[in-house]
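Residue-level listing of the chains:
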Amino acid sequence: MVSDLTKYYGNFRALDSVSFAVEKGWVYGYLGPNGAGKTTTIRTMLGLLKPDQGKVQIAGVNPAKDPVQALEGVGYAPELPTLQPFFTGRQMLDFMGKMFGLVKQARKEKIKQILDLVGLEEWGDQKIGKYSKGMVQRLSVALALISDPIVLIMDEPTIGMDPEATAHFRNLFTTLSKQGKTVFISSHLLDEVQRICTHVGMINKGKMVFTGPITQVLEAFTQQWVIEAELEKVTEPIISALKKLTCVHDVKAEGNKLKIELKEKKDLRGEISSEIFKHKGVLLGLNLHRITLEDAYLRALKGGQ
Amino acid sequence: MDGLRRVAVIIGYEWRRALAKKKFLALAILVFALQIAVFLVFNYLFAHPPSALETLLEQARPLMWTVEVLAPQGFFTVLVAIMIAGGSMSEEYEHGTADVLLSKPITRIEYAAGKFLGGLSLFSFVAALTTVLGVILSVTFFSPQNDLQFVLHVYFAVVYSNLVFLSLAFMFSEVLRGTTLSYLSVIGVFIASTVISGILTVVHMITQDQLYLDVSKWFPDWCVSNFPNFVTRELNISVPLLGGTFVSVGEPETVLAGALIAVYTFVFVVIALVKIQISDVTKKTA
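Chains as they are written, first to last, in the numbering used here: chain A, 1 to 305; chain D, 1 to 286.
Hints may contain errors.
Part of the chain D face toward chain A, derived, beta carbon under 7 Å [claimed, not checked]:
hint, residue
1, Ala20
2, Lys23
3, Ala26
4, Pro49
5, Asp99
6, Leu102
7, Thr107
8, Asp280
Calculated from the structure, these hints are not laboratory results. Ideal Cβ positions, reconstructed from N, Cα and C, are used throughout, including at glycine.
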């Protein structure tokens, strides 16, 4: 649970009264543009940064005050991590296992299992300095899993991974949440978040703009349906005429395509096509669709909640 | 017990980290090379003694092990201590590995304690190697050697005296959080301290004014350079003019030097611990 979290870097307010709660078994997607405060939130949650106001509790314990108890059940994979290049992957996992107090036999078994899980079984005895960016990312996730944590905190976990690995890790996170683990993922990959997250939080300029179930965020930002029209040629009179329609919220032109946002959840393709024909437009296609998480996200950032 | 286990894990980690650094290994090899060079010089002198030094060399011969053990003291051992501790904390911040370590169930004090004790134990290990090498060379080539029962005394005196610059480097590493800046700062303090206290000592010798000598004692270099020599003089195992005792002026002030080492070390370590306890873990910069 993050409550009223405020963090300043000098005079710059990086987090402004950020609050959200993540329950057991959720996959929580934390979204925001670069510099929004995602990593600052995560680093404060882990006790790496000291908040100027507010508090963080992981399983009821504040990590800034009692990091040992609070972080015992937490696995963390930082964004683009730099891992100790003088260790091999296996040695690094062993070292982390020791940090969590795992006994030798348990470490040995767990390391083998996790290297298999992240697809690094053949690279376990190579120095980390020889790893590619994607492999370091995989190892970083492996390190987060070494202690069998109940809470996983991942900062852009699939960055640098190939599509196959990305899909593999998406499935892994979903599986882990089904096992009762709480997964917190900071990401800018909206498609990824939409696929695997049960809940989502959006932050912009240090302020939370939305937090709730992913179904709710889509619903919240789907007050208007959207019609996409493809025309032979988009003209100004057509755009003006469409904007004047009482059922239309906004019209955006991109090349020969029009994105028409409606004020109501109604299929108004008939009225739209009539208006286009009236202004001598040649219609090539007309589709009605709900807005995606990306649309919702962009609107949320503009304060359109 | 869990806290001790975590500190022990960080100590092991610190050894791995330091031993992976080529510049550290190069410096350690340089220290061993210096000892061998000292041995070669004395081996030549004993084989072809200049008439002016003949008596002195014969007096020094049974205690050549102290010359060998103390040869790197005051400069090379200080550099080794600085090399070990100067990047100990800052490199973790610069590389972003501090995030990985401090996001684990460990308190910052345990982490810093592990780092400091890891550096200290590594330094002690290097000092043990130089001591063993010095004793072996002396026993093998300048036999018989006297008073070898005091080897451990001299060894601990060397380790203890070097706590000052080890802890100063550790403090700069945590406070400045930049490795280059940390090395430059601690080496700057070391050089400035050596030069100023040296000048003050020379002025004292010329003017016989005690004030100069008293002021020079408060520079960290004074206690670091002199403590092992004071110990050898207290034990009657110092080698006049050859064992480094020429840098000590007047009566041995072992207690004062020892107390100053303790105070300096305590202050530097406490500053580092307070800094890590109250500050954010800075993001990677390299």
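Results for each hint:
| no. | hint | result |
| --- | --- | --- |
| 1 | Ala20 | holds (3 Å) |
| 2 | Lys23 | violated (14 Å) |
| 3 | Ala26 | violated (16 Å) |
| 4 | Pro49 | violated (48 Å) |
| 5 | Asp99 | holds (5 Å) |
| 6 | Leu102 | holds (6 Å) |
| 7 | Thr107 | holds (6 Å) |
| 8 | Asp280 | holds (5 Å) |
In this structure, the hints that do not hold are numbers 2, 3, 4, in rising order.
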